[in-house]
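Protein chains in written order, with our numbering: chain A, 1 to 202; chain B, 1 to 202.
To be clear, the hints were calculated from the coordinates, so they are not data collected in a lab.
Each residue gets a CB set at the ideal place from its N, CA and C atoms; glycine is no exception.
Possibly wrong hints are sitting among the right ones.
Listed next, with one range per pair, are the computed distances between beta-carbon atoms [what the hints assert, rightly or not]: (1) B:Lys143 x A:Gln42: 50 to 56 Å; (2) B:Lys52 x A:His48: 26 to 32 Å; (3) A:Lys28 x B:His6: 16 to 22 Å; (4) A:Arg47 x B:Ser41: 35 to 41 Å; (5) B:Glu80 x A:Lys138: 24 to 30 Å; (6) B:Thr131 x A:Asn39: 55 to 61 Å; (7) A:Lys28 x B:Glu37: 42 to 48 Å; (8) A:His48 x B:Pro110: 28 to 34 Å; (9) A:Lys28 x B:Asn8: 31 to 37 Å; (10) B:Asp111 x A:Leu9: 32 to 38 Å; (11) B:Asp78 x A:Gln75: 43 to 49 Å; (12) B:His5 x A:Arg23: 43 to 49 Å.
In silico DSS-like links for lysine-lysine, alpha-carbon gap of 25 Å or less [to be verified]: (13) A:Lys88 x B:Lys143; (14) A:Lys52 x B:Lys28; (15) A:Lys28 x B:Lys28; (16) A:Lys124 x A:Lys69; (17) B:Lys52 x A:Lys52.
Protein chains: 2
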Amino acid sequence: MKSYHHGNLKQELIDCASKMCERDGYTKLSIRSLAKESNVSQTAPYRHFKTKEDLYAEIATEGFNKLHKTISKNQSSDSEKNLTIGAKAYIKFGLNNANTYDLMFGTAVPDFTKYPLLFQSANKTYLHIRTKFNEFSKIKDQKLIEEKCVYIWAKLHGLVGLLRKLEVVPEKLLDMPDTPIKAINSINKDLDKYLIKFFRNI
Amino acid sequence: MKSYHHGNLKQELIDCASKMCERDGYTKLSIRSLAKESNVSQTAPYRHFKTKEDLYAEIATEGFNKLHKTISKNQSSDSEKNLTIGAKAYIKFGLNNANTYDLMFGTAVPDFTKYPLLFQSANKTYLHIRTKFNEFSKIKDQKLIEEKCVYIWAKLHGLVGLLRKLEVVPEKLLDMPDTPIKAINSINKDLDKYLIKFFRNI
DNA sequence: TTTTAATGTAAGCAGTGTAAACATTAAAGT
DNA sequence: ACTTTAATGTTTACACTGCTTACATTAAAA
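Generate coordinates for the entire structure from the input sequences, incorporating the hints supplied.
This is the structure we're talking about:
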């Protein structure tokens, strides 16, 4: 019964694109295939996204919103526990939404300030980390707090990257003593234990 | 004078592609433009790189070799100094070769084990970090050392990512109190000072 | 010297981002 | 209610892409 005007095409395109992005990777996502999968003409998306980067920005924004929601879940009254829970959720998000995570932190959208909503959603994620760290830490110096929080994010982000890059590897390589794979694996196996140390050594 | 057979086309293509990749970003790099810039036919590169990913892998390999060389420079007899010098070099490499760094750590080559030379060159970089950390640290437990080294790399890698993502930003944003930009900026301004703290808090 | 394999080219296919011209319709102005 | 207008859809078209296939040249091996 679909009429000429769709009514809610933009959001539907974003949802569909997010799905496709995570399914196939953002490099495989084409505007044409998106249009096809959404049952509209090839150029319909251009009414809502001037360029592909604009589309990427929308997907990334949704990604940060989802990330923020994920790391905010299951919070208790124990501020240290909250940090490790959040951190674990962050890493899990990075591993379970690898393709979307790549889009969010890669170069698909080189400058977030071009997209205020994207910048805001990314910043919201940082603010959550800072808030939770503030609740946990006794540090008062604002500058030092910011510095520590940047390190937290850096460490989390870096860990996700390395875990992803080296996690799945042919078994024989596990016998090579000169690779970080063994370390990565042991970290991976008992993430909780390591995350406690993690926040005691920022 | 150029003859039908080039003689050294493969290496010349890799060099040219590395240059173009850093200049324009790896997403803008096309095999056709590479061929044009190298004054060969559009399909000549396919004799040396079966797919574009193969070409990416070659560029990434050169990138890791360059990174390894960079962080190995200016080493002294002071093991702690060596760490900070190496770390600074690492971060600088990430910022000054941003596009190549993206190729190396992004999803252009999703699985390094498909390219033994690439895996090896990436691993060489890790080994250097571990060696330098070993010289500095008093830790004996091998497992713990590996863990710390992964954290070092993660932290460095994460810092590069965040510095890149938030470094250049419209001035007005610097007045926003709720962004990590201020922290990033202060870290950036006095990187040396922060790197010393960095290695005392792995 | 012949054969063969490596390495170059030319032509072509299917898919891409995006611009321009046109079609339909919801919303705004009278 | 009727017209105008702006939003949102489609069709067509262009230059570009990765990659395949068939063919050309030549260095190295037999």
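Verification of the hints:
Taking the beta carbon of each, Lys143 (chain B) and Gln42 (chain A) are about 55 Å apart, inside 50 to 56 Å as hinted. Against the hinted window of 26 to 32 Å, the Cβ-Cβ separation of Lys52 (chain B) and His48 (chain A) comes to about 30 Å, which satisfies the hint. The given range of 16 to 22 Å is broken by Lys28 (chain A) and His6 (chain B), whose C-beta atoms sit roughly 33 Å from each other. Between Arg47 (chain A) and Ser41 (chain B) the beta carbons are some 40 Å apart, a value that agrees with the proposed interval 35 to 41 Å.
Between Glu80 (chain B) and Lys138 (chain A) the beta carbon distance is about 28 Å. The supplied range of 24 to 30 Å therefore holds. Checked against the hint of 55 to 61 Å, the pair Thr131 (chain B) and Asn39 (chain A) passes, with Cβ atoms roughly 57 Å apart. As the Cβ distance of Lys28 (chain A) to Glu37 (chain B) is approximately 26 Å, the hint placing it in 42 to 48 Å is violated. For the hinted restraint 28 to 34 Å between His48 (chain A) and Pro110 (chain B), the CB-CB distance of approximately 30 Å keeps it satisfied.
Judged by the Cβ atoms, the range 31 to 37 Å given for Lys28 (chain A) and Asn8 (chain B) holds: they are separated by roughly 34 Å. Between Asp111 (chain B) and Leu9 (chain A) the CB atoms are about 36 Å apart, so this pair conforms to the stated range of 32 to 38 Å. Separated by about 44 Å at the C-beta atoms, Asp78 (chain B) and Gln75 (chain A) satisfy the suggested range of 43 to 49 Å. For the pair His5 (chain B) and Arg23 (chain A), the supplied restraint of 43 to 49 Å holds, since their beta-carbon distance comes to about 44 Å.
At most 25 Å may separate the alpha-carbon atoms for a hinted pair to count; Lys88 (chain A) and Lys143 (chain B) meet this at roughly 21 Å. Note on Lys52 (chain A) and Lys28 (chain B): the hinted pairing holds, with a Cα-Cα distance of about 14 Å set against a maximum of 25 Å. Note on Lys28 (chain A) and Lys28 (chain B): the hinted pairing holds, with a Cα-Cα distance of about 15 Å set against a maximum of 25 Å. Distance hint between Lys124 (chain A) and Lys69 (chain A) is fulfilled; the C-alpha atoms sit about 10 Å from each other, no more than 25 Å.
For the suggested pair Lys52 (chain B) and Lys52 (chain A), the alpha carbons sit about 21 Å apart, so the restraint of at most 25 Å is met.
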